Amino acid sequence: MTTTTNKNPASKTALRHWKGQRITATLIVIFTLLILAQLVFAKGPLGYELWAGIFSPTWMRLLTVIVVLGIAWHAWLGMCEIFMDYIKSAGLKTGLQFFTALWLLVSVAWFVSVLWKF
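Counting from 1 along the sequence shown, just add 316 to a position and that's the residue number in the numbering used here.
Watch out, some of these pointers could steer you wrong.
To be verified - Distance condition first, Cα-Cα at most 20 Å in a straight line; then the derived EDC-like pairs of lysine to aspartate or glutamate:
1. Lys328 with Asp401
2. Lys409 with Glu397
3. Lys359 with Asp401
4. Lys433 with Glu365
Simulated from the structure, these hints should not be mistaken for lab results. From a predicted model like this one, the values you see are computed outputs, not experimental measurements.
Based on the sequences and whatever the hints tell you, model everything.
So this is what it looks like as structure tokens:
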């Protein structure tokens, strides 16, 4: 009995990207439900004080940073797939990937600086 195995490294990369997208999407959904639950069960008006209270505990800030990193990774994987599928020019593809990575890194850094008030 013989089995066939796919030795194509691109198929392994595609599977890793697919799994990464699903894991980060699940993380984003769970975090969104956590925030919605806190808003539903909050006492008082929805305003700055409520939002500041939600994000004041250190554990919540750490969780938020993890989720924002997950969002950035999710966006990176999605954009890489779009570039690989629809952009034929290698130079343009590399440039778009570079500027996407730069934009995501700057966005995450800005978010962390706002959340931790640096």
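| message | Between the alpha carbons of Lys328 and Asp401, is the straight-line distance 20 Å or under? | response | holds (16 Å)
| task | Quickly compare the C-alpha distance for Lys433 and Glu365 to 20 Å and report which way the hint goes. | result | Given pair Lys433, Glu365 holds - Cα atoms ~16 Å apart, limit 20 Å.
| message | Check the hint pairing Lys409 with Glu397 against an upper bound of 20 Å on the C-alpha distance. | response | holds (11 Å)
| query | Keeping to a limit of 20 Å between CA atoms, is the pair of Lys359 and Asp401 held or broken? | reply | violated (48 Å)
Checked against the numbered hints listed earlier, the structure breaks hint 3 alone; every other hint is satisfied.
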